[in-house]
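Q: Please assemble the complex out of the two chains, which come individually in their own frames, going by the hints.
Chains as they are written, first to last, in full-length UniProt numbering: chain L, 1 to 830; chain V, 1 to 136.
FYI, nobody ran anything at the bench for these hints, they're computed from the structure.
This one's a predicted model, so the numbers in the text were calculated from it and none came from an experiment.
Every residue, glycine too, gets a C-beta built ideally from N, C-alpha and C.
All clues given are correct.
Some residues of chain L that are not near chain V, with every Cβ distance over 12 Å (derived):
{"id": "1", "residue": "Phe18"}
{"id": "2", "residue": "Ile98"}
{"id": "3", "residue": "Asn130"}
{"id": "4", "residue": "Val359"}
{"id": "5", "residue": "Gly587"}
{"id": "6", "residue": "Asp605"}
{"id": "7", "residue": "Ala606"}
{"id": "8", "residue": "Leu637"}
{"id": "9", "residue": "Phe689"}
{"id": "10", "residue": "Ser716"}
{"id": "11", "residue": "His726"}
{"id": "12", "residue": "Tyr730"}
{"id": "13", "residue": "Leu738"}
{"id": "14", "residue": "Val744"}
{"id": "15", "residue": "Lys818"}
Estimated spans, in silico, between C-beta atoms of each pair:
{"id": "16", "chain 1": "L", "residue 1": "Asn299", "chain 2": "V", "residue 2": "Ile20", "range": "31 to 39 Å"}
{"id": "17", "chain 1": "L", "residue 1": "Leu714", "chain 2": "V", "residue 2": "Lys52", "range": "56 to 64 Å"}
{"id": "18", "chain 1": "L", "residue 1": "Lys367", "chain 2": "V", "residue 2": "Ile6", "range": "19 to 27 Å"}
{"id": "19", "chain 1": "L", "residue 1": "Phe460", "chain 2": "V", "residue 2": "Ile6", "range": "15 to 23 Å"}
{"id": "20", "chain 1": "L", "residue 1": "Asp189", "chain 2": "V", "residue 2": "Lys52", "range": "35 to 43 Å"}
{"id": "21", "chain 1": "V", "residue 1": "Ile6", "chain 2": "L", "residue 2": "Arg458", "range": "23 to 31 Å"}
{"id": "22", "chain 1": "V", "residue 1": "Ser75", "chain 2": "L", "residue 2": "His726", "range": "44 to 52 Å"}
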Amino acid sequence: MDTVFKGEHLLPGHIGQFFLVLAFGAALLSFISYFFATTDDAGKPASSWQTLGRIGYYLNAISVLGIGACLFYIIYNHYFEYHYVWAYTSKTLPVQYIISAFWNGQEGGFMLWIFWQALIGLVLIWKAGNWERPVMTVVALSQAVLASMVLGINFLGIHLGSSPFLLLRDFMSEAPIFKNPEYLNFIKDGQGMVPSLQNYWMVIHPPTLFLGFAAMVTPFAYAVAGLWQKKYKEWIQPALPHALFACMILGTGVVMGSFWAYESLNFGGFWAWDPVENASIFPWITMVAAVHVLIVFKNTGHSYFTATFLVLISFVLVWYSSFLNRSGILGETSVHSFTDLGMFWQLVTGILVFLVMSVWLLVSRWKALPITKKDEETYSREFWMFVGAVFLGLSCFHLIVVTSIPVWNAMFGLKIAPPADKARLLHYNIIQSCFVFVIVILTAFTQFLKYKKTDVTRFFITTLVYLVFAALIAALITYATGLYKLNYVFVLLMWGSVYSVIANGKILADAFKGKFKLAGSAVAHIGFGLLLIGALISAGTSTVISINNTGESYSADFAKTENPRENILVYRNEPQKMGDYTVTYLGDSLALPDHFYKVNYRKVDANGKVDEDFTLLPKVQVNKGALASSPDTRHYLLHDLYTHITMTNSASTAEEKGNGADGDQPADDSKEYDAPVPHEISIGDTIPFREGYMVLRKLDKAAKLENIPMDNVLASVGAELDVVTHGQTYHAKPVFILQKDGHVFFFPKKLEEAGLKLEFTKIMPTKDKVEITVYQQPESAKKYIVMRAIKFPYINFFWAGSVIMVIGFLLSIFRRNKELKPEPAKVKAK
Amino acid sequence: MKKSSIFGLVVIAIAIAVIISVYSNTSTYGSFTEARQTESELHVVGKLNKQKVLYYDATKDANYFSFYMQDDKGSECKVVFTGTKPEDFEKSEQIVLTGKMIGNEFHASNILMKCPSKYTQNKLETQEFKAKPASI
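Excised from the complex, chain V in its bound form (with noise of 0.2 Å):
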């Protein structure tokens, strides 16, 4: 066998094993009911209940906003978020979180919010909030 069809061979086998972690890395979008089964993180897409607190208080602690989100579904949970609240939070119309279930709280680690754009009103525009910095 040429050198090369082996270097092939090993070329193909990275490419696969490429794909396989990816999807295995991959989460899944799903709602509060799954995240309630699973002990690892998914994204839940919902719209944020205005009618209901939002909490955030600088002066208690700077590192506390909850809220509750009604996800696709339409099933309700309350929200925490281990960082400063969003800008414009209440004006989101559709949140993406990111996170997982703890007791009866969902922990969301970033959340992206759509906003009715500043410039029009017929764009969307998306934000990101993470609750901890890039890092290794």
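The shape of chain L in the complex, shown without the other chains (with noise of 0.2 Å):
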């Protein structure tokens, strides 16, 4: 490693791994004070050691911003030496996406993971007064522990973590291009960011979900610290409103996903249980579900170990996600492609980290716990939250189980194979089914128990009534959405959401004529109802409306055995029957890297008036030889037209295409075509071609050439041709010419669209006719689209459902945050 290498911009790699380094120390520094403030100085209310505590943590907060602005300036000035850089940007990549680049690969994920987790700390340094050194002990753990895995360091012959300065020749080192000290004037640019990534929402989606993973921290440090502590009972409430902050959040970012994946990716819906999909539920149900019995114990005393579990098990499920993510285990099972960093032993110990504190603390302290030996009311509202909670937590575990089959192969040997595809999503969906119809059916009547005890013969009647109204109203949606065709599980699905929708109505009505303090679980359980009717319906209903039985056959048991085929082909400018469509793949307009096209979309009434007429942009993206497309929708109120492009013969070749060939290259193109037809004609006459028709209208004698000296010229002559093909007519006019020394010239005129290219060949005077030479494309050769296009009913419920939810959430987080204000007053009457 003799070599030096020229034009290298070493600096900013090396004070942005020095700050790497120093967040690292930092967050260790500020644990290690805080966990003496904790012990050594209990109950002083001057700790020399919880100033250290501090020091240490705003340290580490500065040396992020620290790492962030070195990774930004090596972005920004495009210094290819580093991989980050090489790999995930471009030039051309454009400002606004600068910013997403930074989370594009695994390194900034942690990144962000790490810088949102410092906010959330200095703000608990803030706001937690007492709860501060316990509670910061555990938060500085887990920022070191975060900063770790990207140090990038050789320590004691262990790799810890990976840096997002790492040098290109660092990574390929074998790489011979390398070995040359000038290999800097050989690497122009970068990869650049995958197209299908350049988007608005990879602005926003990952720091959303990065938020809600790094926000699961808080409740449980506060968790941890109540059993350290031993203040089994005063660490809940404050918990509360970050607990619903964190579903909240992780909510939201899940969501946005799911209108990612939904809008703008090929995976043909908003829900794929993709392991990558599952994993970043885990969390977010168990979190949902310990919400709900920190309220029971808040209010009641039962449910405590419930409550300090699920807290606890939330943020071991957060690192167990990450590790599913980032360790490469999923390989076989997941379309996305994280890919292993060598991280695994790694990553393993950050879950061990966790779990074996969350255990240890409980085992430890088991008998102090406030857990209550006695029984609760059947007719008591904590009694069936606990249930919910319980159910929400099966749901998670079915969910953990089979996202965890690879870990399951990997621990013991086995080879089993996750369900395959068609009853994989049945399995799923049947299941999870079958959990979310209790859940729901416990959200709507629970609302109408009360704490402790309840008027049993009122609440039956009642809750009798409205499961009646929901089963009329579920039966209308069913019979008139065809979801009655599916499995009866959905049907019963459907029912106990519309139940708790209704249910849930009524309580949210009484929340404004006074109760207001309930109007957040309302607003929340009611969107949820909304988010699954939406989901029920337009995943199990949805449709293809591509359907193509025209393909030749390539056996008839083919065609039997398989069901309808959901592609369809689309040749340019010839309309196609699709359902009660007719599209028409208009043509093409070029963004590089995007490639749009424009397929019409009309319907026409039993009148013949035009119903619908609109145009979408499917789009393909080309990089690097790859094609990568993203869906077009049309959204109306009620459900939504989706089209996406899976094969085309334009885009590939477009780009080569369209820089020489407009008639004035004599290039050989005849291959391209079949063989030429000449026609002999007179003005008027018509020439009949495969797909239309074209008419002579008149000669025109003098026609003139751009680019062409006509002092030489004695005759030029164009013939100015209508050209009627499926509907629409092209003006052409190809053109003769005669030099003065008898040497004679065709400028052939070509119609891409048409597929045609047309010659004048020959000027018959005698005869009083032109011969015209017709060159037709061959059918392989005209231009195509593939596509799908499914409609997607009532889609809309599912989106309004979730941010119906996310606005439940925010309510309940103020009214938790009000109930947070007496505390201290509370405490001392207590």
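A: The structure is reproduced here in structure tokens:
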């Protein structure tokens, strides 16, 4: 390694690396100081350990900003000697995506998480009061563990973390190019961001998701602090708003991802039970369950263990889900191609740190935990909320068991595959629907129960009334949407969801009459119910409208055994019937790297009147020879029409063709056409061809051509032709030139849209005729797209439900936060 | 017996039921030979035979793609996929098929392929293709 490399900018990398180490060291210092502030200085109002802990944390926060600044600097200046810059950006990357290039790689994802956690820690230092020392001990530990993931240094022979400041030549040290000291002269540009990530969702989805993950640390830290400091009951109240906040943000992040997948990736839906999707909702489900039992404990003193356990496990699951996503273990089962950075065991250690801590605290404090021996009343709200939380836990348990199949294989040397494709969806949908059915029913009737004891007769009557009413509405919806054709479980779930919406609607109405405290939960539950209704109808009854049974069958069996094919071939400018619509591929527009296809939809009603007429622009992105397609969707209030290109012959060739194809270049393009057919015609005559006809209108005796000197020309005649094909009329004017020296030139005219090339090849004054030679593209050379169109009914319920649920969480945060304020007085009163 | 104990038993029963149902729904990794002997869908891991013809012609049938794959045990089989040809299929290094044998052809409902990454030569990236979109 004696080579001196030229042109590298090593300074920002060195500074960045320095900050990385500093961030780790400072977090560790903060952790140790806060630990002693909690143990040694317990009870002392002033603690030098605490001051040191704060300093450590501030230093960590500053380092995190420093890392961010250095990373931004190398990305903004296109220093491709850094692997991160080279792998994820390029010189042509638009400025707004330079921000998202930050978190394009895994190291950036960790950085984002560290950044949010640093902010959360600062807020806690400011706000947590008495809780600061123990809570910050946990947050600082988590910060140190996270920082170790991006260290990228060798420590006692163990490689710790993966640094965003890794040099390209160190990353691929084997490659011969890096033997050359001037290698940077050969690396002109980076690999660029994958086009499908160049999307505004990429700018907002990861930060939201990581804020959600980061926010999970606060309730966890409170729970650990409570057990550690033996303040078993006191931690619950301040942790509650933080738990709600984590649920709200993580939920929003997940739904954003789902919307992104639906809007601009070609998943063909909003949820696919992909392992990565599943992993991101584990902690959400358990934290939602935790929120419910925390409230139960706060109000009645029941369910202490469940509440604590769920809070603790949620954070462990955050780590488990990063392990699944980043260790490469999901390799064969997931579309999300997260590659292994060689941090398998470090990630496992990450999980273990927090898992062991949780288990040890629960076991060692077991006897002192305020667990009630008394049974809950059957007709009490706390009992059914507890049941609901347990069912949420079971639903999460199921997801974990299936998603972790590769983990079980690795652990026990098994070789089982996840449920195969069709079975997989059915498996997830049916089992999860069973759990969710129980949960939605509980979200409704539990609202009518009171804590401790309820008037049973009245409760049963109201519940029955609402259930019957919900059954009527659900029956209507099921019939109207065709949901009844599916498994009965989905019909049951529809009933439960409708019931939940109605019952919680009643609670909301009461809330407006004065019991405003209950509004948050009512709104969140209504949102959840609507979300389920939307998901059930749109996923359950979505229909592919691009059904295509016209393909040549390769064997009779094939057509019989397979369902209708879902991709339809549309030639340019040839209207094609598709369901109720007539679709036409009108043409393309190019804004590299995006290649848009104009796909026109027309719907004509019985009287021949045009009912609908719109053009969608699904796109294909060309990136290093590979194509990635994104759908375009026509949104209606009650359904969406989704269109995406699965195959095309016009994208890859379009760029090369566009350059010199316009007539003035006599390159040999005869291979693109069928054998030429000459026609002798007079003015007013018609030439038929496969897809239409053309008429010779007149001859232009003084046709002029650009770029052709006219001084040597004896005669220049243009044939003005009207070409009619597929209801469109085009004008073409091929030119025939006779030079003074007797040479003859033809200047053909190409009609790309009609797939024609026309040549004016002969003038026969004696017969008063001219010869037009027609070159026609064979079927296969014509431009076409293969597309798939899907109708998603009532999908807006899904999105609206998500938004309403988030609003519900927000209302609850306000309420629980308000309850916090008089806390010191209350504690004294007890 | 206390109500919570009964509830606890119910929960344990459901948990066991979940595990059994997951296990019974799991598929298996197998070879083409094993696929011939079973009716159910399974996963086959293998490599594309690049010498033999890859057939896809959208103008003839936009939903028919066929190729030859060699499984891990070395036996070869014609594979038919009802859909469009995945981009860069020729460059794939490893393929995981989900599907079943019909006659002498393996009908894949899902193709998961690993390509040499566009970014680095020493990383693999995974892509998945489905014959049908996600639905209940």
